[in-house]
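*Asks:* Chains as they are written, first to last, in our numbering: chain R, 877 to 1172; chain Z, 20 to 242.
It is possible that part of the hints are untrue.
Selected chain Z positions facing chain R (in silico; Cβ < 7 Å) [stated by the list, open to error]:
hint, residue
1, 98
2, 99
3, 101
4, 132
Label pairs and their calculated CB-CB ranges [said to hold, decoys possible]:
hint, chain 1, residue 1, chain 2, residue 2, range
5, R, 1083, Z, 136, 42 to 50 Å
6, R, 1037, Z, 157, 38 to 46 Å
7, Z, 222, R, 1053, 41 to 49 Å
The set of hints was computed from the structure by calculation and includes no laboratory data.
As the structure is a computational prediction, the values presented were derived from the model and not from experiment.
Don't be surprised by glycine CBs; every beta carbon is placed ideally from N, CA and C.
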Amino acid sequence: MKAVWSAAQIQGSRDYQEDFFAVVDSDLVYYRDQEYELEEGIALQGQTLLILADGMGGMGHGDLAAAQIIENFIKYYLAEYQDTQDIGDSMLSGMQSANQILTGLVAENSDYEGMGATLIALLWDEVESKIYWVSVGDSMLYLYPQGAKPRRLNEKHTWSEQSEKLAAQISHLSEKEFTEIKDVLCSAVDGSELEMYDLQTEGIEIGSGDFVLIASDGLETLSLDAIEACVNDSEQSVTPADVDTLVERVSHTVASLIEDVEAAGRPGQDNTTVILLSSYQDVDLNINAEQEAAAQ
Amino acid sequence: MSRIGDDDKSATRIIRSDPTRLVRKSKDKKPDQENATVKINPASTGNSSNALSPAEEATKKLDPAVQKKIEATGRRDQPEFMKTGDKTKVFKPSSDSGSEEDVKENETPVVGWLVIVDGPGKGTALEFSFGLQTIGRDSGQSISLDFGDEEISREAHATLEYDPRERKVYLSKGANLVYLNSERVGQGAEIGLKWGDVIELGATKLRFVSFCSPDFCWTDGDG
């Protein structure tokens, strides 16, 4: 199984862009509008790593934190994978090392205290047709299986969502205090000890025509139904004659989601980043292409 | 994704990058590098979520975070993953935890805190350590109260000193008026502080919170 992906982002009405993303696609890294070529030994084979970090604007220096997390995650993920060929270990190494880098930055400069970001790193493996991920914070990771209900794949690390695990801390809060923080993050990559993260090491199999969505919470301007409708719209039309058509459709869906966020015109619209991955049975596409060629 | 408007309030620009690429397809198919739309919007300061570690104190959690200016990220130098040969320590899930950790000691271990309970900077905790601690507006002061209270002297409005033998923090008046629990601190006087005492400098009220105490001090043999 092969996959295509597309990514786009807007700043919304924030003063800064604090969402950062990167894609490591075999031997190429796409990051901040540039491509970087990886050396052969370190490049991924038949795998794609999609990473998103949403810097916490309220804590200051969110963009620095997000950029550091993306860059160091990639660096240490690749180094660990080269050593161990273990996706789970590499995910952990990427996350923990990025976190340690932040610890160091904060220790050097107290202005940076509290800076951090959410993190989603998703690995697509084309041989097993599986996805693996690590996630910290409240960014969105959804699976849209063809013809089935979408489902959220990652845990959402906010106080209300994790209230069971945080029962001890919450018991000290008044109802009003809890209401005030219920949507606030309870875990982020911010240089402090990472106690709460969501790591998928077994992998989930993805079928042909399924979509995987990664997005920063700026996309929550749209309802889940609206997002589903947008993704399904392109899903129904996935009988592409060739790969380029599929690429176009995935790209179009990403663009539509971003446009819908802009069209909603929400005051104070947050930075929004959308990354969409879709898998396809490459054999089918080749047959289609051959048939098409034969027909001509 | 580019940073713009670092320097002033400036306009918000919407930048869109839209690289689409086929996974594992030959490199000849390059993505659209950039599809930048430019828009001029009135600048607005958003207030996004404050991340809180569950271990932090409840009061700290609920403070509204200060939106800060960023200067360090307009950079376009080589991203970390392209750098090689540096000696940054790597987290290895396989290695025994802690075995390769740098063991560093903080040279200025915390002795106590002053928490601003009233006035500019309200909600902020200021840590202090051993030695004579000068309190003033200047950034070079041991305890810098640069939150906008102009009534505070630049240097040595007051001083604190921890005495490890007595295990007590003492407050002295400096260049300006100082009140402790609403009572005047006289020139030359030195007053031992108790947990929860409120120190008043200008329009700012600070609550004293001790860490070192009769049952704990950094000078205790720690083995």
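*Asks:* It remains to establish, for every hint, whether it holds in the given structure.
*Replies:* Cross-check of the supplied hints:
Interface restraint check for residue 98/Z: the shortest CB-CB distance to chain R comes to about 4 Å, inside 7 Å, so the restraint holds. A least Cβ separation of about 4 Å between residue 99/Z and chain R falls short of the 7 Å threshold, and the interface hint therefore holds. Given the 7 Å rule on beta carbons, the hint for residue 101/Z holds: about 6 Å separates it from the nearest Cβ of chain R. Hint status for residue 132/Z: violated, given a least beta-carbon distance of 14 Å to chain R, over 7 Å.
For residue 1083/R and residue 136/Z, the hinted distance range of 42 to 50 Å is not satisfied, since their beta carbons lie about 58 Å from each other. The hinted range of 38 to 46 Å is satisfied by residue 1037/R and residue 157/Z, whose Cβ atoms lie roughly 44 Å apart. A C-beta distance of roughly 27 Å is found between residue 222/Z and residue 1053/R, which places it outside the suggested range of 41 to 49 Å.
The earlier numbered hints that this structure contradicts are 4, 5 and 7.
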